[in-house]
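**Q** Please model the complete structure; the sequences and the hints are all you need to start from.
Chains as they are written, first to last, in the UniProt record's numbering: chain A, 1 to 254; chain B, 1 to 205.
Misleading hints may appear alongside valid ones.
What the hints assert, rightly or not - Taking lysine-lysine pairs in the BS3-like style, the calculated list, with each CA pair at most 25 angstroms apart, reads: (1) LYS77/A to LYS65/B; (2) LYS250/A to LYS161/B; (3) LYS45/A to LYS160/B; (4) LYS117/B to LYS42/A; (5) LYS77/A to LYS68/B; (6) LYS205/B to LYS236/A.
Since the hints were derived computationally from the structure, they do not count as laboratory data.
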Amino acid sequence: MKYYSTALFLLLSLFCKLSAQNDKMAMVEGGVYLPLYGAEGKTVKVEPFLMDVHPVTNADYLKFVQENPKWKKSNVKSLFADKSYLSKWTDDTTFTGLKDAPVNNVSWFAAKNYCECQGKRLPTMDEWEYAAMANENVPDARKIKAYNQYILNWYETPKTFNQPVGSTFKNYYGIYDLHGLVWEWTQDFNTVLISGESRKDVDKDANLFCGSAAIGASDLMNYAAFMRYAFRGSMKARYSSQNLGFRCAKDIEN
Amino acid sequence: MINKLKYIFIAASLVAISCNNTAKDTEATAENATEQATDNAISDMSIYNLPSNWTTQDGNEIELKELKGKVLAMVMIYTSCQAACPRLVADMRNIEKQIPEDKIDDVQFVFVSIDPKTDTPERLTEFALENKMEDDKWLFLRGTEDDTREFAAVLAVNYKKISPMDFSHSNIISVFNQAGELAHQQEGLGVDNKETVQAIIDLAK
Numbered sequence: 001m002k003y004y005s006t007a008l009f010l011l012l013s014l015f016c017k018l019s020a021q022n023d024k025m026a027m028v029e030g031g032v033y034l035p036l037y038g039a040e041g042k043t044v045k046v047e048p049f050l051m052d053v054h055p056v057t058n059a060d061y062l063k064f065v066q067e068n069p070k071w072k073k074s075n076v077k078s079l080f081a082d083k084s085y086l087s088k089w090t091d092d093t094t095f096t097g098l099k100d101a102p103v104n105n106v107s108w109f110a111a112k113n114y115c116e117c118q119g120k121r122l123p124t125m126d127e128w129e130y131a132a133m134a135n136e137n138v139p140d141a142r143k144i145k146a147y148n149q150y151i152l153n154w155y156e157t158p159k160t161f162n163q164p165v166g167s168t169f170k171n172y173y174g175i176y177d178l179h180g181l182v183w184e185w186t187q188d189f190n191t192v193l194i195s196g197e198s199r200k201d202v203d204k205d206a207n208l209f210c211g212s213a214a215i216g217a218s219d220l221m222n223y224a225a226f227m228r229y230a231f232r233g234s235m236k237a238r239y240s241s242q243n244l245g246f247r248c249a250k251d252i253e254n
Numbered sequence: 001m002i003n004k005l006k007y008i009f010i011a012a013s014l015v016a017i018s019c020n021n022t023a024k025d026t027e028a029t030a031e032n033a034t035e036q037a038t039d040n041a042i043s044d045m046s047i048y049n050l051p052s053n054w055t056t057q058d059g060n061e062i063e064l065k066e067l068k069g070k071v072l073a074m075v076m077i078y079t080s081c082q083a084a085c086p087r088l089v090a091d092m093r094n095i096e097k098q099i100p101e102d103k104i105d106d107v108q109f110v111f112v113s114i115d116p117k118t119d120t121p122e123r124l125t126e127f128a129l130e131n132k133m134e135d136d137k138w139l140f141l142r143g144t145e146d147d148t149r150e151f152a153a154v155l156a157v158n159y160k161k162i163s164p165m166d167f168s169h170s171n172i173i174s175v176f177n178q179a180g181e182l183a184h185q186q187e188g189l190g191v192d193n194k195e196t197v198q199a200i201i202d203l204a205k
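**A** Structure representation (structure tokens):
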């Protein structure tokens, strides 16, 4: 089994050789937090993990599609990406915008495979939300008014995806751009079961769905988080969107 | 050393499947030219593009594309579910009953577990027995957690573990044509399944 994992790892690096420019990862110390959605009042434990310091850029993604042609705009299967996939690229190998701006208009399938091809994975929603609670100084800044206002102001600013990665603040863990440039895919985005805004067919569970409560919440933090959860709940894995990018995460190897 | 090489080969195949189309094609050509031709026939929107592997209630390993050629009625469930799943199972049976004799052999009814940890092949077999679904037309599948999440993404089924025992999930029955393309989806529990039945009848030979 040991040989198997070693061989798999070596081959992953061979077959999916990618630029190291976006290889910088930061450690997020684990901990316990109360997510916006989940069983009522139940905290979630997040194990320590590694997260990319920056979102994946246009240049990173170009290298990926060149090495994995099935993800080129003209090759991609419609099961895995809708028509807006890389819609702002003028052809298979030409993107518009800055090379170090976050890639956007990518589907969940593409983002997931990108990370796999680097021996990484997409962060889970809990990991992402946990890391994104941090401002420059503290791991949980959710109660700090200025921090919440910063996030909400960003949500109201158009076309932030055109800015280079690293142009927002460096957070407590050394991670940039969790808020400020693009929203990001998470591995389990399809765990969001919000009724009303979302699909009508969902198994109703009063303990799980507190969407209407969140809308009425006076806490600004909840409102920002609610927007993220609602957005995730509205996405399908083949959709792509111009304000949506991604970054990768990784387990900490013992 | 031989073992080591074997592992490397297996790993190479895995990587080829997940990350590199070209390598996959080469491998397929070397292995079996006929299969290559079949592969090419898979359309863009077919679920048979998914490389995932599954285990059946009988413990057999299968790839989805082995189901090619049949009309599929698929639903995601978990066997320890007390609320929605028994009704989804009933809905599936109700649909099955309305398919005419001469069409039924062309239809495969598939249950995909959203709780692969609990739903071992043994558990799935028990479940099939309890529900009197031992006939070949009922197929129960479990995969890795990752492949299951991906498959749910294709079906637009959302689910979340809400306790050690329970999941909350969308209730959707999906109908696929013989090429693995989504033809119809029925959303909700105990809904009028007339359209679903008609979709299957129209597709089945």
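**Q** Tell me the hint numbers this structure goes against, listed in increasing order.
**A** 6
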